[in-house]
Every structure is written in C-alpha cells, then in structure tokens.
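Read off the chains here:
Protein chains: 4
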Amino acid sequence: MQRFALLGAGFIGSVHAKNLAENPDVTFAKVYDVSAERAAAIAELYGAVAVGSVAEALTDVDAVFIASSTNTHADNLRAAVDAGVAALCEKPIDLSLERAREVVAHAESKGARVMMNFNRRFDPDHAELKHIVDADGVGTVELVQMTARGPAVPALEYVKVSGGQMRDQTVHFFDLARWIAGADPVEVFAAGSALADQRLADPEYDDVDTSVCVLKMPDGALVQIDNNRRTGYGYDERIEVLGSTGLVESMRHRARRVTHYTAGQVVESQMYAGWFERMQPTYALALDHFVQLLETGAPIQPSLSDGLKAQAIAEAATKSLHTGVSEKIAY
Amino acid sequence: MQRFALLGAGFIGSVHAKNLAENPDVTFAKVYDVSAERAAAIAELYGAVAVGSVAEALTDVDAVFIASSTNTHADNLRAAVDAGVAALCEKPIDLSLERAREVVAHAESKGARVMMNFNRRFDPDHAELKHIVDADGVGTVELVQMTARGPAVPALEYVKVSGGQMRDQTVHFFDLARWIAGADPVEVFAAGSALADQRLADPEYDDVDTSVCVLKMPDGALVQIDNNRRTGYGYDERIEVLGSTGLVESMRHRARRVTHYTAGQVVESQMYAGWFERMQPTYALALDHFVQLLETGAPIQPSLSDGLKAQAIAEAATKSLHTGVSEKIAY
Amino acid sequence: MQRFALLGAGFIGSVHAKNLAENPDVTFAKVYDVSAERAAAIAELYGAVAVGSVAEALTDVDAVFIASSTNTHADNLRAAVDAGVAALCEKPIDLSLERAREVVAHAESKGARVMMNFNRRFDPDHAELKHIVDADGVGTVELVQMTARGPAVPALEYVKVSGGQMRDQTVHFFDLARWIAGADPVEVFAAGSALADQRLADPEYDDVDTSVCVLKMPDGALVQIDNNRRTGYGYDERIEVLGSTGLVESMRHRARRVTHYTAGQVVESQMYAGWFERMQPTYALALDHFVQLLETGAPIQPSLSDGLKAQAIAEAATKSLHTGVSEKIAY
Amino acid sequence: MQRFALLGAGFIGSVHAKNLAENPDVTFAKVYDVSAERAAAIAELYGAVAVGSVAEALTDVDAVFIASSTNTHADNLRAAVDAGVAALCEKPIDLSLERAREVVAHAESKGARVMMNFNRRFDPDHAELKHIVDADGVGTVELVQMTARGPAVPALEYVKVSGGQMRDQTVHFFDLARWIAGADPVEVFAAGSALADQRLADPEYDDVDTSVCVLKMPDGALVQIDNNRRTGYGYDERIEVLGSTGLVESMRHRARRVTHYTAGQVVESQMYAGWFERMQPTYALALDHFVQLLETGAPIQPSLSDGLKAQAIAEAATKSLHTGVSEKIAY
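Chains as they are written, first to last, in the numbering used here: chain X, 1 to 331; chain Y, 1 to 331; chain P, 1 to 331; chain G, 1 to 331.
Hint data in this document are derived by calculation from the structure and do not stem from the laboratory. Please read these numbers as outputs of a predicted model, since none were measured by experiment. Note that the Cβ used here is the ideal one computed from N, Cα and C, for glycine as well. Among the hints, erroneous ones may be present.
Here are the simulated PhoX-like pairs of lysine-lysine, each with C-alpha atoms no more than 25 Å apart in a straight line [unchecked claim]: (1) G/Lys130 with X/Lys319; (2) Y/Lys328 with P/Lys319; (3) X/Lys328 with G/Lys328; (4) P/Lys328 with Y/Lys328; (5) X/Lys130 with X/Lys110; (6) X/Lys328 with G/Lys319; (7) P/Lys328 with Y/Lys319; (8) G/Lys160 with X/Lys319.
Some residues of chain G that are not near chain X, with every Cβ distance over 10 Å (derived) [what the hints assert, rightly or not]: (9) Phe11; (10) Ala83; (11) Ala105; (12) Glu157; (13) Ser162; (14) Ser193; (15) Tyr205; (16) Ala221; (17) Gly232; (18) Phe276; (19) Ser303.
Please put together the full structure from these sequences, using the hints given.
Next up, the structure:
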C-alpha cells in the first residue's frame, strides 16, 4: 500500500484524484492546490486531507503525483526529491530544457524514483503494438507513422504558455517514437502552418496547429508524425510500425461498434470527442504501473531521462519549423 | 442518495458490490449471503455491514439488489416487496413460471418498485442500436437477428439447475427481441442439439448447447436468435435489425483495435474471452439506471412484467425444442 | 477449346454471352432465342451465329449454356442430353420437382455432362470460406448462418411464375448449405411474411418476401438462412460458419473502401445496388470452372443431383411455411 | 470508334493490349515493339497487325498508346505529335526533366492531344475520395497523407535506370497530391534510407527504398508521403485527406472479405500481392477515360503539363534527399 499526495486539483488533477482513490494499492492521503477551495473539494470527495503547502503534502507519504501547473513542475519535483518521496510527474519537467536538465541531474544524483507520466505508453492498444514489435512481429523497425489530431485549438492563453505544438502535443509522440523504435532519433525535420487558427502565426504565439515531423533514427529508420489541432470529426490518433517483415497498426478509435445502413450510405459510430475521452483509461493504467514499480523496486520507466529526451527532440523540431532544415538533436 | 442492501456475495454479487460502492448516488449499507464468510469479505472490502439474515438486510434501506442463487429470487423478492423496499432483481424471477407469476402479481398489487436486471439493454452499443430503431432509423422492424455464443459449456451441475439453454441463455435475447421490436412475439420455433457436450442430451439434463430460435411478431416481423455454448474463439454477441428502410447492427466485439500484417495473413485482435469480459460494463450502467429511476420516480423498466414475458417465451421455446412445431406463446 | 451454343438472349443470357466471348478457351459459336431479334443482336455483338432452333444450336457444338426461360429448361436439357452435348444449366431444372427428377434420371442414364449454374459457389469470398472449412479451419461444422437480402421485390408477374421465395431465392442457399456442410439436411423449418409488398400474401401469389429457414443436418448441426426482398440499403449477402474450434465469415460487401469522417458521423461506402452488381463476377468464374471440367474430364460439380437436392429442400421449406412444422426433406 | 496503335509489347504493353482489345470503343489496329516476336504474339492474340516501325504504327490510326521503354517515350511522343496522332503516354515523359520540357513544349505548340497515364487517378476508391473532396466533403484541404509500399525491391538493373525512388515510385503520389489539393506544392522535403537492400546506397545506384516526403502547398497545407519497396505483407496503398471540417480516407485493400476467428486470433484476408494486382483495374479505366476525351473533344487530363509538374517535384525531392533541406520546386 502506497500513501500518496496529489499536487494540483485542476482538471487533470481531479482525474488523477479519482484514480488514486480507486486504486486498491493506494492510500490517497493528501491534496494540495494553490486554490485551497479546489483542494478541499477534492479532499472531501475522496476522503483525503487538503493541506496548505507542498511541504506539508510531502510529509509522511510514499509518493507524490505532480499534476500542478507546468511552471511549478520543476520546483515540486525538486522538493519531492529532497523529501525522499517518489514522484509521478506530468510532462514537461520544465518548459526550459536547461532547467529541466538541472532538476533531472539533481534527482538522479539522489537516486530519486520518478516516473514521467507519458500515459500513451499505457494505452492497451499502443501497448499491444509495442508488444508485437518487441516480440519481433514485424522484424526490424523501418518506418513508424503516428497521427494525433484533436478537435479544437486550445485557448490562446494556453497556447501562449504551452511552448508550442512540438513541446505541447508532439512531445508525446517523440516519446512514443523512442519507446517503439528502442533508439534515440538523431535528426528531426518539421513543417507546420497555422491553418485552424491563423492568429497562431502571430509573433505573440509563433505557433502552428498543423504540422508534420520526420525523425531519422541512428540505423536509418524513419518516423513520421502528423499533428493537428482541429479535425472537425473528433479525436484521431493512430500508430503504425512498418518493419522488415510486417506491419502493426494501433487503429483510430470509433467510440461505439454500431453500423447503420440506409439508402446510399453506411454510417459508423463517431470518433471520441477529444483526447480525454479517448485516453482517459490510460491514466489509471499509468498510475497502476507506477505503483507496481514502487512495490517491486523495479527500474522506473518512463524515466526522467525519457522526459528529457522527448523534450530535446521537441526543441530541435521547434527549430526546424523555422529553418526548414533537418536539425540534429542534442540530448 | 439511495441506501442499498445486497443479497448474495458470490461471483456476480461481488461484481454488483463493487458497482454499489463506486456509484456516487448509492450508499452500500449491507450485505447478506448464506456464507457469512463471503458476506464479511465483501463487507470489509467496501465498508458495508455484513448482516445475518435477509430480514436484517431489508431493514432501514431504500433498495435491495437481489443477486442470490436463483432458487431464492422469488422469496427474496417477496420479502423486499413486503418490507416496502425497492428491488433490482437478477433474472429469472423463478425457474417455475407459475411461481414467478404469483410473486409478480403480489409485487404489482403492492405497487412495488422492482427492476429486472436485464443488463444487455444497457450495453452502449445495443442501446445505440435501440436508439436508432426508435428514431425511425430503419423504418418498420421486419427482421431481427441476434447471435450469442459463449466459449465454454457451463459446469454440468449448473446446467442441471439452469432450466435449459432457452431459460438460461436465450432468455436475455427474448427480452431484447421484445425491447427492440416493441411488441410481444406470438409464436416461437426452436431447434437445438447437444454438439459441444453430448452429455447434455442425456435425460438427466435434457438440454442443448447449440440452438436456433425463430419468433413471429404480431405484425409478421421475424426474429432469429442463435445461441451456442462453445465457440473456440471467445465470446461472440451481435444484433442486427433490418427494417423497411435500412439496417442497424451492433457488431461483434474485438477486445482491442490492433491489426498485424505479415506474409500471407492479417491478424486482428482477438475477441473478449467470455460474456463477462464483454458485458461487465453493463452492470454499472444498469445499476445507475435503476438508481435514477428511484430518484426520479419514473416508471421502472425493465419491469417484472418484462421478466415474466421473457420467461413465457423461453417456456414455449423449450416446448418447441421437443415438438418441432412453432409454438404459441402464452403470456 | 470448347465450341458453345447459348440458349436464351435475355438479360442473363447477354451476361453469359459476354463471358463466352471473353473466355480464352471458348468459341462462342451460336445463339438461339425465341426472339430472333435478340439472338441476332447478341450474335452480332460477339461474332456468333444466330440460329433458328434449339436443334440447330445443338448441332456441331461441344457444349450449350441453357439460359432460356425457366419453363424451357427441362426440354432444352433433354435435347442437349439427346444430342450428346454437355450443358451448363441455369437453375431450376424445372419448377416441378417431379419433372426435374425425370429429366435428371434421363441425363444420368445417358452419362450426360451437365453442370448446374450455382454461381455463388464461385464467389471468391464464399470459396475462400469453403476452403477454410475444408482445411479444418473451424473444426466440425455446427452452425451455419446465411443472409441474402435484395433491394427490391421483383415484378409481380415474375413472382407469379417463380415458384415462391424458397424455390427462387433461398434455393441458392440451400445449395450452399449442402456444399459448406458436406451433408444433406434432414429437416427444414420456414417462417415468412409478406412485409415489403403485402400483395404477395394474396392467394394469387401465396408468397412471402421476408423469411427465415432453419435446416437440421444429420449430425445435429443447424443452418439458419434469412431472406428478404427489399432492404432499403442495397444488396446484402453474408455467410458465417461456426464450427467446434472457430468461425469463418464471408462478409457483407461494401462497393468501395472509402471512409468519410465528419462531425458526428463516420460514413462508409455504400453496399452494391443489387445481387447482380455483387455477384456478376461469379458468372465468368462458374463458366471457367465448367470449361475446365470439360477439358479435363473431371466429375461435374455442382451436378444435376445437387440441383435436385436444393429443389427438394425448397419443396419442404415451402410446405413448412404453411404448416409451421419442421418438415422432413424427401430427396 | 478510335483506331489505336500500341508501342511496346512488354509486360505493361500486354496489359494495355488486352484493354485495347476489350474496349468497345477502340479498334486495336497495330502493335510495334523492338522485338518483332513480342509484337507478333500480341498481334495474334488480339487480332491486331504487328508492324515494323513506329512510323508505320502511326499511320492511319487515331491514337497511340506509348508503353515502350522509358528512354523511348520522348521520341515516340514527338513522332506521334508530328504524325497528328493523339497519344496516351506512360510516365515519365523522359527521365531528363529538360528533355521532357522540350517535347512538351513541342506538343503544346502543335496543339497535340496527349494524356499522361497517371492510372491511380482512376482507381475507383481514390476517385471517390477526390469526389468527396471536390464536393466540399472535408472543407479546405489541410493535410494529405499518402502511403505506397511494395512487396519487393525491383531488380537492380531496373533501379539503375529508374531515376531513383522519387522519380519512379513517389512521382505517382506527387501527381495525386496536386490532383487532390488542386494546387502546386512550393517546397518539398525528403528523407530516405536504403534499408530493404543496402546496396541501393552504393554510388552506383545512389538510391533509397524507404522514404518520407513532406510537401508544402501555397496556402500552407501539408502533404506527407511515405514510400517503401519491401513490406513483407503485400502491396499497401492508402490516402487520407484531412480538411477543415472532416477527413476522407481511401483505405488499404485486403484482397478478400473473409474473416477467420480461432482461439487467440482473428485472421483477415491478406493484402494484394503487389501493385499490379491492386492497381490493374485502373488501366482499363484510364484508357476508357482517354477514349471518352477523344470522342468528346474535352480537355485532356492528366495532361503533359501534369506530367512535367510531377517530375519537377520529384527533381526537387531527389535533391532534398541529399541536402536535408526543404527545397523549393522549380516548375
């Protein structure tokens, strides 16, 4: 049984709170948020205690779930490390890659047990795809194709602090690329446009909402990622891995399995509305994985190093968006 | 908030216990089982109180979930009715249709609020199919086809007390047939064989494991149901409704959405292992529906009368298995 | 190279004419029709000779394709047998089962080489299904389910001389049932209604347009067939075979493989418009099969006996429609 | 009725010969090949006349099908233009873009009627996708994704004279990109590796077998193409078009529609073996389109200009493979 504190009681924090409460191997002990009111509401709902500071949250617990706002991740992580508390940390470690590297170096010097919450690795379909790849089901990986397209451009205030599409959305797939291919890409090319909301092209945001990335792996394998912020038809995510002997695909999801045949058309169930509806089950699975790692003492994956590397790719991809050149990635 | 007692802490009782504990509008207060040990285990897991009798369970609660063994359903239902407690009752009401009619008459005379737990009506895909039918998506219903096939013949001791395939397995689809078509079938033909386990043909069991039923509706529409107890490939359930203007299908489910292409074959994810893996989510949905009916006072559906009618069809179908004649159904 | 005559230059005759002309192992020599004009048109299109009588057509050819109107099949077949010409014969042999038996007995006494044109056996998907069954891909066949639904009730004049739905439409699937299961059904139950066109129920037609049949095989295996004359969504045909170790399905066809995702719905390509659009390629394949049998001297399949047996099942099914009893089949 | 000559009686020439012979609006009059023997064989098979020179072939015909070896396309095209004969020309016009431009300029100055045989535009699924895009089914095109992967690296002698993967394989999709998006890309980035056959990386071939291209359209829309020469699972081609309001996909094809369910896996029919099995029907459709254009006098599409533009993109893509920079395209 692991005693957990939760930092952050916003939208995603409340999702994690529910999972902490329902996980049979977790005692959801404490919750902290900059809004005492939000923390109290979560605490009452799940029988946890709302506390008044991060320090208090980190006292007398085994682990902390860092789901606070992005700009507090690094500080909260450092505090957890110094308190000797294991941590499950939402990405990114910090929007500044340099600052992220500092806190990771610190954590590693202390032997801290920290897992990056790259939840997509825990999607059962993606995990089955990975299992098939690892079981040599497609031979040597030669071409990976990933699509992630969301229904709506986020609020512009969010975009402004998000670090841009590469660091905010594509970073999940940079992580999946490394995970699936089992290697670190050496170069990345990115092209992008602001098509869904042209204001994103303004210098104030300097962002794109439709982009394509191409990663080159050390052995010449290629990874192709397309990202989009406004589909018109719901959330769309798929992965396919082409290897030397076959292909495996984790397909786009339709929310239901109902087909309606009428004159002139065959209508299938629609897609999930957004990434959350599609990906929600992965959060409980990721938490469960972390809890098992804590209970068994096994090496932590995805690690802080995984978090850093995905960010390093995002950094190079963001540069490539401007240069039009396939950029080397500096880990 | 509804205070619930649970009667029965066996396999399906423990499923309901978890759903009672997780439903935000339910207080899971008490649990009773003939095995005090089983009751105590469930009670501890979910913070309920294990009690020593049905009477005790029915004291000071709003509703009871009857998930005890089949032969106790009628008595427990009568007790709940007499105690003025609403009930959510597992099928069948009683294996004896006559006895079932008596207890239903009693419940109706008292104005009792009782829902039959026909959980398949709450499967989101089946419900979407029903929604499309009701929204005139296929015109007048003319032909319904239902398939339900399980991976393994149940234990012979279970078969012996189950009432036979029509009353045990097909009865769910007799209910669905009435629900989808919005009418009561007038005749039923059934043909069946003991192919998966030929011992079922022994007079001791007098049962079949592979069967086909054909129902005739008052307006001439036809319903076709095939049932099987041993598929070799997991659990397989599907429904299609052909109407005067179109077709709607609730498709067979594959557990995942992963496809694996290699030389000479394309492999999809396998089916769910059994009915439980496929249908488990329906139990929480059915409970939720019942709780909403209690909170709003809306008419109960599926009702005891629905339960009786499905049994009456099963009765006639069982007779047809022996006569080879399309039998009239006596409601 | 086989020299062919064609009897019948109507709709289906003209389809066969084209296939005769394009088959590299066939010389399409002659064509006869009661309408000299129609025969001449076909003859000109494909470089054949229009002749003035069946006798003339049967002179100096290796084989004859009997595609004339149903009431002439038996006479034409007898003429071919007597002329020593091999024949590919459209179903049925004759609407009168007795008369059909006579001509078959005659043909068999002469050792005539005659193939029934049960074209569905040559559909590549159905053939792959059969291949999987024969290769023990599903174990012992226990349950076969077949669906065949057409877009429109045929013209009433056609219905009047068609022999009814069992003899006209379902007979194809009676043949497939025998072919797939490798055995002759012993009983058949049929239920049907006139829902698409209620005039079919008039004594003048005494027919149904929506029906369900259940066949019982000697070993207890069951076959379920549903047929419908007006779908609202195009032509719909599928087969599934459940065996002791698995299932194989020849799926319903959509005409294209295009999917269109928009807000709220996912639209697939529509079905084929009718049976002809779906089944057209089978005619060339069936012809090719017949030509190969002629060239190699291999036993003919589907044989006249196959044709008789399918008719015998249709006979019993037609009776069951009226009696509501599972009827024994007299071969 | 159009009188045709065919230049080239190799593999693809023989495919075209059959289509010429079967097209009801074409008289297949003459065939020429550098091998008189091959020409004679084709001529005999289809009742055409084998001739001894291109000049002879171009006499007394309405149109010529140029299916000779790549290095003769430009000369044959010029000869047809000078003879006043319409032409249906296999791609490329010439491997040298400069030479191709010269012959196109000549043809255009003469008002010649020449169609590039970009057969994929005539695939019924791709055409339906295009139809949906044109009917505003997905709004403004924002992201196009195309996959084309073949089962086997071509013979090295072929690779050596093919111009490389961009000019030989990807060029089809450069054309489709322009066709679908209705605009000319301004930049192209390409990355590639020799993974299937590492000898392709030798300076002798200087080629790749696995590549990803990213095109940037004038309005910022992006097009992503991945190409591969050795899949291990057959031929794989798919297109999806994401627009401002939806998505349309022309899906990868399985050769059959049969599914086989057994313990632990669900097996679908395999893919087509190669591009030819998948794309063969497009050739007759493209020919038919050309014939209709000739009969009606409508403007020719795909035009020589379309051919030149696709080549220009391939030129820039080939450069990008070496520079790692997104290259401007010079039309």
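Okay, the hints, checked on the actual structure:
no.	hint	verdict
1	G/Lys130 with X/Lys319	violated, 35 Å
2	Y/Lys328 with P/Lys319	holds, 19 Å
3	X/Lys328 with G/Lys328	holds, 21 Å
4	P/Lys328 with Y/Lys328	holds, 21 Å
5	X/Lys130 with X/Lys110	violated, 31 Å
6	X/Lys328 with G/Lys319	holds, 19 Å
7	P/Lys328 with Y/Lys319	holds, 19 Å
8	G/Lys160 with X/Lys319	violated, 36 Å
9	Phe11	holds, 27 Å
10	Ala83	holds, 46 Å
11	Ala105	holds, 32 Å
12	Glu157	holds, 23 Å
13	Ser162	holds, 20 Å
14	Ser193	violated, 3 Å
15	Tyr205	holds, 15 Å
16	Ala221	violated, 7 Å
17	Gly232	violated, 4 Å
18	Phe276	holds, 20 Å
19	Ser303	holds, 28 Å
Figure legend: structure checked against the earlier numbered hints; hints not met, in rising order: 1, 5, 8, 14, 16, 17.
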